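Chains A, B and C, in that order, give the protein sequences. Its first residue numbered 1, the first sequence is counted upward by one per residue in the working numbering. Its first residue numbered 1, the second sequence is counted upward by one per residue in the working numbering. Its first residue numbered 1, the third sequence is counted upward by one per residue in the working numbering.
FYI, nobody ran anything at the bench for these hints, they're computed from the structure. Since the structure is predicted, the reported quantities are computational estimates derived from the model, not experimental observations. Hints are all accurate, no fakes.
Think about it this way: if two alpha-carbon atoms lie no more than 25 Å apart in a straight line, the pair counts; the simulated SDA-like pairs of lysine to any residue are:
#1 A/K8 to C/P102
#2 C/K412 to C/I461
#3 C/K140 to A/G243
#4 B/K116 to A/G125
#5 C/K399 to B/F208
#6 C/K167 to A/I244
#7 C/K167 to A/E361
Covered stretches of chain B, as calculated for chain C (at least 3 residues, CB under 8 Å):
#8 211 to 220
#9 226 to 238
Sample of chain B residues with no beta-carbon within 10 Å of chain C, all distances over it, derived:
#10 S6
#11 A24
#12 K122
#13 S187
#14 F203
#15 N314
#16 Y336
Every residue, glycine too, gets a C-beta built ideally from N, C-alpha and C.
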Amino acid sequence: MKREINSKDVRNFLSNNIVPIIFIVLCAACFPVAGYSPEYLADQIITRIMRNSFLVLSLLIPIMAGMGLNFGMTLGAMAGQIGIIFITAWNVVGIPGLLLAAIIATPIAVLLGWFCGKMLNMARGREMITSYMISFFMNGVYQLVVLYGMGPVIPIHSDQVILPRGYGVRNTIDLLNVRKSIDNFWSIKLFADENGVGGINIPILTIILIALLCVVIIWFRKTKIGQDMRAVGQDMEVAREAGIKVERTRVLAIVISTVFAAYGMVIYLSNMGTLNTYNSHSQIGMFSIAALLVGGASVSKASIKNVFLGIVLFHLMFILTPQAGKNLIGQAQIGEFFRVFVSYGVITLALVLYEIRTRREKAESAKTLALSQMQEAQA
Amino acid sequence: MEKAVSLLKSFGLPRLIITGFLLALFVIAPFADINVGASLSDVLGRFGQNAIMVLAMVPMIHSGCGLNFGLPLGIISGLLGATMAIETGIQGPVSFLLAILYSTPFAIIFGWGYGKLLNRVKGSEMMIATYVGFSSVAFMSIMWLILPYKSPTMVWGYTGQGLRTTISTEGFYYHVLRDTLSLSIGSFSISFGEIIFFALFAFIIWAFLHTKTGTAMTAVGSNAVFARASGINIDKQRTLSVIMSTWLGALGILCYQQGYGFIQLYQGPMYMAMPAVSAILIGGASVNKATITNVIIGTILYQGIVSMTPSVMNNLIHTDMSEVLRIIVSNGMILYALTRKSGASR
Amino acid sequence: MSSEMTKPLLEMKNVSKEYNGNPVLKDVNFTLGQGEVLGLVGENGAGKSTLMNILFGMDVIHQTGGYGGKVLIDGKEVKFTSPLDALKSGIGMVHQEFSLLPGFTAAENILLNREPQNRSVLSLVFGDRANTIDRKELQKQAIAAITKLGVELDPDMLVAEMPVGHKQFTEISREISKSAIRLLVLDEPTAVLTEKEAEMLLKAIRNLSAQGISVIFITHRLQEILDVCNKVIVMRDGRIVNELDAAKTSISEMAKLMVGREVATPDSEKQEARPISDKVVLSVKNLWVDMPGETVRDVNLEVHDGEILGIGGLAGQGKLGIPNGIMGLFPAGGKVVLNGSEIPLNNPRACLDSSLAFVSEDRRGVGLLLDESLEWNIAFPAMQIQNKFLKPYLGGLVKWRDQSGIKKVTDKYIEQLQIKCTSSKQKAKELSGGNQQKVCLAKAFALEPKLLFVSEPTRGIDIGAKALVLKALREYNRNFGVTIVMISSELEELRQCCDRIAIITDGAVSGILPASSPSEDFGILMVGKTAKEAM
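Kindly produce the complete structure, drawing on both the sequences and the hints.
As structure tokens, then:
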């Protein structure tokens, strides 16, 4: 009897954590083939954690409010990019520059988040596909503003930013002014040799920022608004009956997420050092969501633990596969396609598993009835 | 009067704006030194090229599976058919028939699996369909690299392995339909070949929807519980509709390639669902209702705007914002449909 | 318990209410003293819910023109505009459906949106919603409410993991935790409980009463009324038919009062007893059905050839689950035999193939294609199941919809059932409820079934349409010899139409009687007693 329960537990554990398990196996298989040194990988992973965790953390709050994966986080990323474009054009350097970028991004992110939240309230039950389409739609508006508006309408005249034709922002912008400003502000190096070569960089300020956000999220869960969001996420009708302002709470969840995403994007871009004006935001949306899901989150449940596990596993795969592909088949491109496939595949898998699981729970009640009837018959 | 208002209402404000916009473009066109005849032929050409992909939305909408964001799966079947047809080396119009023939089994198998999957996720078909489309495109990107194609027209010259990103259909089925029964009057030309081809499949779908099975499919989409209570196997109808949509998607991309002249592999099919989805919505369809008329009107309006805006804009303000406008209009239209209260709850 | 000196806690004086000219409450008068427990009994539709809606100032009441008479609290007239208003005066209600969050603990649910909070620096910046929740205080207040109720309930248990009884206790604790609660209305709180849980709840009610909280206890289980109430009011057709002292009454007296209406049925409509064939067409054995809110546990039933069998019972007891389960709309198990051959369950197609048909109680959800024409609605099942209204082409390869055949049959039924519509092309959603119901019947008739299930055929339709629908059913039975199983909440309607009536309680048949039996006999069956027990 006891053993039976054990094997059931194991199966439950496997089916609940199938995505992270696949990734651990995948990474373990690729690691020897790729042939990277552990130090190199550790350094890379730390860089990526610093770069991405703020963005991925921004996804947690809408999940808490039952709105699923916020594909609209792209909107926040756009706001962050607009902030970065301005400070680059104005030539504001270093941490003050990043601060200014964040300040510029905030009202834009609030506005976009509010719009997105309002739309999602109109599309209840299909929040995800709608937030996804909003990100597409807003991408068009963003391009309109950045590609045509900047220059003639919005006064930006820096040669560094604006295309030679006199309006519109360049495809890629070098962010020399703010590159790694946060990371290098205060960092220590571990395991380097005497000449300071190699080793692992630990950017302390970035870590503090990320830790701060984690604390904010933990604190947030304990606040009244956090409790309200959890309530709304479970059952909107019950929450409404209890007097919670459901619509407002949902809009707020999206606004907060969008603003965090904007800050996350500022940190991300400063770490990257270049801005891909027309691509960065949509890519980052997909990668952040995939990373969160790889960490074992689902559409309705996600924790800080999922964020960090997800970033580590996802980016490990990201670093390993092209090299593994190259060493195995002689084509790095296969690895690149493979990781795109995995990113999309993981989102698909997580969505499908979530749906199937919800359905299975609903089917349980019929089983109990049949069972009681059988027991009665036996008695 | 009341009737006119209700007619206008059913037509919908966004559609009205889009139609008005397109008409305005045609009115302005002569003043911007644009040849209206050539523009019209361009719109018609694009219609013939794209209409079948829009038609591919219809079966799935009818069975209640929502908008077919998984169209890339059908496109991939079409690409497999196209590349296999070229691999045979047989040239000319026959290659078009071969491509259709080869892509059919793939479309059926993919559509069947895709349908089975969608049956397990009723209620969130659209989100999952989107990602099924993306994943399959990414997966096929790997396959295009490693599948053992040999034909020199398709394989990268220097490595001799892996397919090119774009393959010309020149010499194979380039313009097989476009140049059939085409008629030119001055700058205006029209290809009846493409239009007849589309009409044929539109007729087949229309006819199908008038048969017993087609009626059942519509009922499933209209009220699935009613259909089930009437003894219809919902899952079977839905799977059938997905197979049909997938096959039409395959056919649609082949039709597109013959007009466009190139086969686009790798990431090419990634976002091809959006224009088709938005076209049928512009045509007046909703998340769970669509007709052949919606397909025709929608494709003409959508392609009209896409082809007219750049030329008019370019000539007027010397700025080409058409791509951006296209993104805003087409995605805005999808957004509009998704946030309608009257839309089905999926 | 109420003293002569003080005013009663609650008093209703000549309260009346009508919806669109139909009176649903007439001259309701009663008083309730502090700490008293009042039992409120009556059939579905007797006016209990309307009465409670008036007490709580629900929107339905205001939107339909208010009510007549007076509601007094402590001798002062009150007019609540919303349940929140009522709450301020210390009146709370626990509804039949749980309003709980599965992922929250009992304590969190008890104090939902009334959580004790701590202010912090950040609240100054972001406002009150940034206050943190004081978990300790929350726990304390929750435990206080649970103790006041006097039940065993773990405040840290998640609602999702609770047995039904504990969910009910959580709901009641929530009402009690609200400050100054003086009157608690419990709407069928024991319907979903096991016997043991129900006992605990009754104990809790006595507890509350001892602490001076008054309770209005709505239930169909009359024994519980005897166990716990001080007095009972019995409602029927919007009136209080009697106010009884709980210590001096009996189950059979209450049951008789509940259903015993003297309706003057015109002779022409009366169902004369007629001989019924002994041949069993449909036999149901050990049927269970998982239909939410209408669970069937163990039903055994035999339907005779050519009869109209009524199935009655109170709401939620499982009568609706029977046809829905047999027809495969909800997961079911057991054995169903039609004319000697077993019908597979969970397979609507097989049922329809063996000439069963079903008119669902959920017209808009199950019965109709709202967005399609009447033609589609009426012809669809017959087309799909029996290949009617189809024209074969290409040697039967293509089965084309026969538009003219469809129109013909639709027009036939439009005339026969007097369906009011602009044409057979009109969309089903544009019709009134009564006409929609006729369309549902026409749909079933078009299948030409041997046995027809009709579920709540007159629910939500006006009197004229009601009579027409019932007449159509009776004629269909008489003229074509079709056996009909009719499920209805309205006993009188069943007694008018049927030959025999089965009463369902607790998911099982509690008895089958000829339709001509006196109505109190049915009443006793409905409240879960066999005739013998009640004697």
